[in-house]
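In the UniProt record's numbering, the protein residues as written are 1 to 291.
Note that these hints are calculated values from the structure, not bench results.
Please note that a few of the clues may not be correct.
Stated by the list, open to error - Distance windows between CB atoms, simulated: (1) 105 / 252: 23 to 33 Å; (2) 23 / 92: 48 to 58 Å; (3) 198 / 166: 27 to 37 Å; (4) 227 / 113: 36 to 46 Å; (5) 230 / 192: 22 to 32 Å; (6) 265 / 97: 17 to 27 Å.
Stated by the list, open to error - Each computed DSS-like pair below joins lysine-lysine, with the alpha-carbon atoms no more than 25 Å apart: (7) 233 / 169; (8) 211 / 230; (9) 138 / 154; (10) 275 / 255; (11) 190 / 202; (12) 169 / 154; (13) 244 / 267; (14) 244 / 255.
No experiment lies behind these values; they were computed from the predicted model shown.
Beta carbons are placed, not taken as given, at the ideal position from N, Cα and C, and that holds for glycine.
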Amino acid sequence: MSNNGVVPGVWVIVNSELKSEESIARWVGIGSTDRLMKVSGDQGAYSILEGTRVTPDVRAHRLITQLSHQISATQLGLKEISRDDVALNALANNINEFRYAPEEGCTFDSWYARYSELFDQDAKKLDDSAKVRLLMRKLNPAAHERYTIFILPKQSNEFTFSEIVEKLKLLFGSPVSIFHRRYQCLQTVKDDTEDIVAYSCKANRACVDFKIAELSEEQFKSLIFLCGLKSSKDSDIRMRLITKLNESSDITLTKILEDCRSLMNLKNDNVLVEKQSSSSVHASTCKYNNK
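Can you make the complete structure from the sequences, with help from the hints?
Quick look at the structure:
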């Protein structure tokens, strides 16, 4: 466009909200629709004839209008960002910081169980990356450093929220085995200094750690069988059965009996080989001495 406002001949793409050629002419800043020609075959495109003068005030008004629309769109985007930040901060204020202290029962499993409904329900309108940021904010410095080192060379934003939760459960889980927790549950007794309410809480916690719902009838039979093997003579069998109870979910009392018999036969065979070897050495020694 020249300095005197004369258009040398241009095409313009018009906003679809402008319904008539009169409104289009006003929008581009020309006085008459005679100077405006629709481009054939191109919907929404018009050509301004050469020599058309555009009113300076109209041009300025159009520029201001365009800038206003851009500013409005930017403000709308800022409002959306601000709304997400407000929601994130509100949720963060309702979550206590995670601190890993397994000796006190403070594991990620127990911490997440407390806030899982908040993450699943209250934070469901947040996208996955926002939930990841929220979770990372609630790890204390020691836990956050341990996790970031654990996932190197990757970063948190390369995983989904569910993947991070599983990694944290693995990294900050209970240091004792499931057999250990179940055995301790069966040994639960009331201390002389405990009142009945404190003891009921201890018993309830022990039963929760026992994970009764995940234990089949055959597993329970196997556990009781194993707990009765207290003699030092049964140490090899105990070690073998503890491994199976921790790793196998399809263990049965029949399979345990078969393993016990197999181990006993193995021990007997080992003793037999030792005796045979000792006898051979003794016979060779005697033969040598007779010479």
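So, going through the hints one by one against the coordinates:
1. Here the CB-CB span from residue 105 to residue 252 is close to 32 Å, well matched to the stated 23 to 33 Å.
2. At about 50 Å, the CB distance of residue 23 to residue 92 agrees with the hint of 48 to 58 Å.
3. One distance hint, 27 to 37 Å for the beta-carbon pair residue 198 and residue 166, holds here, with the actual separation near 34 Å.
4. Restraint check, residue 227 to residue 113: a C-beta distance of roughly 28 Å breaks the suggested window 36 to 46 Å.
5. For the pair residue 230 and residue 192, the beta carbons lie near 25 Å from each other, so the given range of 22 to 32 Å is met.
6. Checking the proposed 17 to 27 Å range against residue 265 and residue 97 shows it is violated: the Cβ atoms sit about 56 Å from each other.
7. For a cut-off of 25 Å, the pair hint linking residue 233 to residue 169 is broken: about 37 Å separates their Cα positions.
8. At roughly 24 Å between alpha-carbon atoms, residue 211 and residue 230 fall within 25 Å of each other, so this suggested pair holds.
9. Between residue 138 and residue 154 the CA atoms are separated by roughly 20 Å; this keeps the pair inside 25 Å, and the hint holds.
10. A C-alpha spacing of about 30 Å is found between residue 275 and residue 255, which places the hinted pair above 25 Å, so the restraint is violated.
11. The straight-line distance between the Cα atoms of residue 190 and residue 202 is roughly 9 Å, inside the 25 Å bound, and the hint therefore holds.
12. For the suggested pair residue 169 and residue 154, the alpha carbons sit about 18 Å apart, so the restraint of at most 25 Å is met.
13. With a C-alpha separation of about 19 Å, the suggested pairing of residue 244 with residue 267 holds against the 25 Å cut-off.
14. Pair hint residue 244 plus residue 255 holds up; C-alpha atoms about 10 Å apart against a cutoff of 25 Å.
The earlier numbered hints that this structure contradicts are 4, 6, 7, 10.
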